[in-house]
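Work the whole structure out from these sequences, hints included.
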Amino acid sequence: MSDAIIQSAPVWAKPTSRYSDLFNRALILIALGALLIFILLPIFWMLKSSFQSTSEVHAIPPSWWAANPSFEPYVIANKIVPLLKYIWNSIFVSASAAILAGIISCMAAYVLARFRFPGATLILVTILLTQLIPPITRVFPVYFLIQNLGLLDSYSGLILAYTGFAVPYAVLLLRGYFQSSVPAELEEAAMMDGCTYFGAFVRVILPICLPGIAAVTIFTFLLAWNDFLWASLLLSSGDAKTIQVGIGGFAGEGGGGRYPNAFMAACVASTIPALIMFFFVQKWLVGGLTAGAVKS
Amino acid sequence: MASISINEAYKSYGQLEVLHGVSLDIEDGEFVILVGPSGCGKSTLLRMIAGLENITGGEIVLDDLVINKLPPRQRDMAMVFQSYALYPHMTVRKNMAFSLKLAKASNDEIDQKVSMAADILGLEPLLERKPSQLSGGQRQRVAMGRAIVRDPKLFLFDEPLSNLDAKLRVQMRSEIKELHQRLQTTTVYVTHDQVEAMTMADRIVVMNGGHIEQIGTPMNLYNKPDTKFVASFIGSPSMNLIDGHLDDDGRFTSQEGLSWDLKDFAPKSAFGEKICLGIRPENIFVDGEGVALGEAIINVVEPTGSETLLSLRAEKANLHILDRSRREFKKDENVTLTADKHDFHFFQASSGQRLS
Ligand SMILES: Nc1ncnc2c1ncn2[C@@H]1O[C@H](COP(=O)(O)OP(=O)(O)O)[C@@H](O)[C@H]1O
Ligand SMILES: [Mg+2]
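Chains as they are written, first to last, in my numbering: chain F, 1 to 296; chain H, 1 to 356.
Because the hints were derived from the structure by calculation, they are not lab data.
Please note that the accuracy of each hint is not assured.
[What the hints assert, rightly or not] Estimated spans, in silico, between C-beta atoms of each pair:
no.: 1; chain 1: H; residue 1: Ser132; chain 2: F; residue 2: Leu128; range: 51 to 59 Å
no.: 2; chain 1: F; residue 1: Lys85; chain 2: H; residue 2: Tyr13; range: 26 to 34 Å
no.: 3; chain 1: F; residue 1: Pro134; chain 2: H; residue 2: Asp193; range: 51 to 59 Å
no.: 4; chain 1: H; residue 1: Ser132; chain 2: F; residue 2: Met107; range: 50 to 58 Å
no.: 5; chain 1: H; residue 1: Asp193; chain 2: F; residue 2: Met107; range: 38 to 46 Å
Ideal Cβ positions, reconstructed from N, Cα and C, are used throughout, including at glycine.
In structure tokens, the structure reads:
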């Protein structure tokens, strides 16, 4: 990434001067470095504080390193709120919503990308329209809907809500993906080779579209993982709380002030699963699988 | 092995009719090429045979069985697409084995058939590669390999060579022809390139604007084009076509001022008619014998060595000549033109139909 930027620098630098070239490179590196620090500093602060004692966190001048790194803050955090339980809740809800949204949206997107049928345009426009309405206006309708279904305070209610929020966007994204990266001739080739429509979809289209489907699934997972509004609305009582609501509760009860290190520990713990998830699937996000399918 | 009949096939997309009743019989083992300008409906017809497009009207009959409603997978045909449509997530081997796997062939049988096809096409060293690691010509070969492992009733090709460079195209042309001679599988092949059609086909079907202009062997189409369209489409460089009038005495006059005496050999039906007179560039001679075509001035000289293409001006008309005498010509040179009486083609001006 930075390589590409550095290499493109001489386009505006004078190619004749070796020194001005070096100077430009240095400038770019410095700018990139500053940006990196700006992004990473808060994260570093969170990380190191989670291994420090309370006094170290409050120390002035700030102490940039944990002198005696300890897991104590994590233990404290887990005592104040059931951290592991909350994380597990979050993983379960987010993963369920992500998988459900992935399955529904890739099937819907495929049909909308490939088949012409009466009402197809209407469906597309409707999906698009849902994206134009500010999310906050959904609060009451969704709340009452979930209430009427008797799904308040349950995982299912929250999963249903997240899936519903993610699907329209996912369908639009995947439809474009199917249209641009899977030429119709591939399915036709599969059908000539002996596949049914569904067989061609499962054996040829799905494997090729894994990067797109993975992107949509991760997007949904992160949307659900980071959500505070809906989780706090639909899960008002104890045990089913997600980690975001749990951390909110931690801060609300003054825990954030008294145990800043434990609070930071809870925050670190809440990011880890999302990070792991991201690293696990990132290779699918790198596209290019279709390269070579069709000579263009 | 199979024969196929297309009876009065129609195709419409909504209100737009793109095939207007096409009939064609293809015999077992034949290599038939559909040729015509872009947009004339060749691919549509091929895809109707394959089952990838619905048939709006008419019948397609495969070995006495009407297959109009049969899905592609039940037709036992293999198709090579213009874009090759290789499965990008599978190796060459898996691409070729895919159809056999679906047909639940045993592993031994799959291995044996894939290596046989790979052997024929010279693909053995590439079997474990992904399509993205292949050159255009290699991909083309894999697409063909995928078709031949199945030993299908019918091969369908849709402009398989149009993405290759000129040299490779010539090479693949003869390879495909050789493959057909070896396998003897009935083949329907679509191209817009008349040279490809002439060199490869047992029979050529010339299409234009959603209907068939003429069906015949390559030499048949070249020697006796049924219509003005076929006359201009088949042959390269294309036939000189001159609109004019043949009077009752057999004298042909054109608006550009040409005046030729054709009474000894013009067909009866052409006398007293507005006609379009055709004569191929390779059939006009400089300072030769036969029917006199008057004088002309050379405009452009394009030698290729074995032959020289001349653009000339005769009166106000532009004519092309392909000269094979290897004589050297100069621009603005004045020459006398002649032609053999058998090489004139007469078409009715209004309908474009051949008069004979
Ligand atoms: N899906 C479609 N919808 C509407 N018109 C189509 C469609 N496919 C092809 N056509 C039209 O049908 C005609 C024949 O197309 P095609 O068979 O692809 O021509 P060719 O292969 O001879 O170049 C063209 O005029 C094209 O615009
Ligand atoms: Mg075509």
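Going through the hints against the structure:
{"no.": "1", "hint": "H/Ser132 / F/Leu128: 51 to 59 Å", "result": "34 Å, violated"}
{"no.": "2", "hint": "F/Lys85 / H/Tyr13: 26 to 34 Å", "result": "59 Å, violated"}
{"no.": "3", "hint": "F/Pro134 / H/Asp193: 51 to 59 Å", "result": "57 Å, holds"}
{"no.": "4", "hint": "H/Ser132 / F/Met107: 50 to 58 Å", "result": "27 Å, violated"}
{"no.": "5", "hint": "H/Asp193 / F/Met107: 38 to 46 Å", "result": "41 Å, holds"}
Checked against the numbered hints given earlier, this structure breaks hints 1, 2, 4; the rest are met.
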